[in-house]
Amino acid sequence: SAVISQKPSRDICQRGTSLTIQCQVDSQVTMMFWYRQQPGQSLTLIATANQGSEATYESGFVIDKFPISRPNLTFSTLTVSNMSPEDSSIYLCSVGNDKRGRETQYFGPGTRLLVL
Amino acid sequence: GESVGLHLPTLSVQEGDNSIINCAYSNSASDYFIWYKQESGKGPQFIIDIRSNMDKRQGQRVTVLLNKTVKHLSLQIAATQPGDSAVYFCAENIKGSSNTGKLIFGQGTTLQVKP
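Those protein sequences? They're chains A and B, same order as listed.
The numbering used here numbers the first residue of the first sequence as 3 and each following residue consecutively.
The numbering used here numbers the first residue of the second sequence as 1147 and each following residue consecutively.
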């Protein structure tokens, strides 16, 4: 399985500011995804990061709030913009090699964000 | 609507006993399912997966059962150990646009192993 790292591992931010989270994979992957996990809850897909084109966002998530970049097959960033305390969550990236989603996705360790 | 849910939010078992974690899914078109284990402070870790053309798949100390008739998935852990204590999530592959797929996660079950 791919080795996935995320930076930062955690952060405490002030409301109104923005934070960019990086996801780095040790091998080229077809698919990269970003998830949010609110405290004590399950994972919710934010968007699929597409290489060379705009990300595909899920219902309830918009590009202005969560801009995503994917410049190549091993790297992606998620920005949480104009943060509020409700954005306090764990943000996880995952990777997979099947566009149809019929193979395993592997997850990074997550970025723990607290917004004051 | 689309949903994947778990029957029990918390499961407490004695060390050495077998554990069974259940999951219900609602999308009959889903064709791939995964179980993940998430320990405190870590990202989800892949345990085992199963495709819809199978009813059962076994790994090391774990077995996944799929009942498509009632849209039910279960994870069985044999001889549960303290290191198995974690939150367990089932995930279901939902077909998206352009022949892509995405994972929808269940609520999660906390497994507590008593020594």
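Calculated from the structure, these hints are not laboratory results.
All values reported here derive from a predicted model rather than from experimental measurement.
Among the hints, a few may not be true.
Claimed, not checked - In silico BS3-like pairs for lysine-lysine, Cα to Cα no more than 30 Å straight-line:
1. Lys-67(A) with Lys-1188(B)
2. Lys-1217(B) with Lys-1202(B)
3. Lys-1214(B) with Lys-1241(B)
4. Lys-1188(B) with Lys-101(A)
5. Lys-1188(B) with Lys-1202(B)
6. Lys-1241(B) with Lys-1260(B)
7. Lys-1241(B) with Lys-1188(B)
8. Lys-1241(B) with Lys-67(A)
9. Lys-1241(B) with Lys-1202(B)
10. Lys-1260(B) with Lys-67(A)
11. Lys-101(A) with Lys-1260(B)
12. Lys-1241(B) with Lys-1217(B)
13. Lys-1260(B) with Lys-1188(B)
14. Lys-1202(B) with Lys-1260(B)
15. Lys-1188(B) with Lys-9(A)
16. Lys-1217(B) with Lys-67(A)
17. Lys-101(A) with Lys-1214(B)
18. Lys-67(A) with Lys-101(A)
19. Lys-101(A) with Lys-9(A)
20. Lys-67(A) with Lys-9(A)
Claimed, not checked - If we take Cβ atoms under 7 Å as the criterion, some of the chain A residues that face chain B in the derived model are:
21. Arg-38
22. Asn-99
23. Arg-104
24. Phe-109
25. Pro-111
26. Leu-115
Unchecked claim - Listing some non-contacts, in silico: residues in chain A with all C-beta distances to chain B over 12 Å:
27. Pro-10
28. Ser-11
29. Cys-15
30. Gln-24
31. Met-33
32. Gln-43
33. Thr-58
34. Phe-68
35. Pro-69
36. Asn-84
37. Pro-87
38. Gly-110
C-beta atoms are modelled at their ideal positions from N, C-alpha and C, and glycine is treated no differently.
**Violating hint indices (sorted, rising)** = 6, 10, 11, 16, 21, 22, 26, 28, 31, 32, 33, 38
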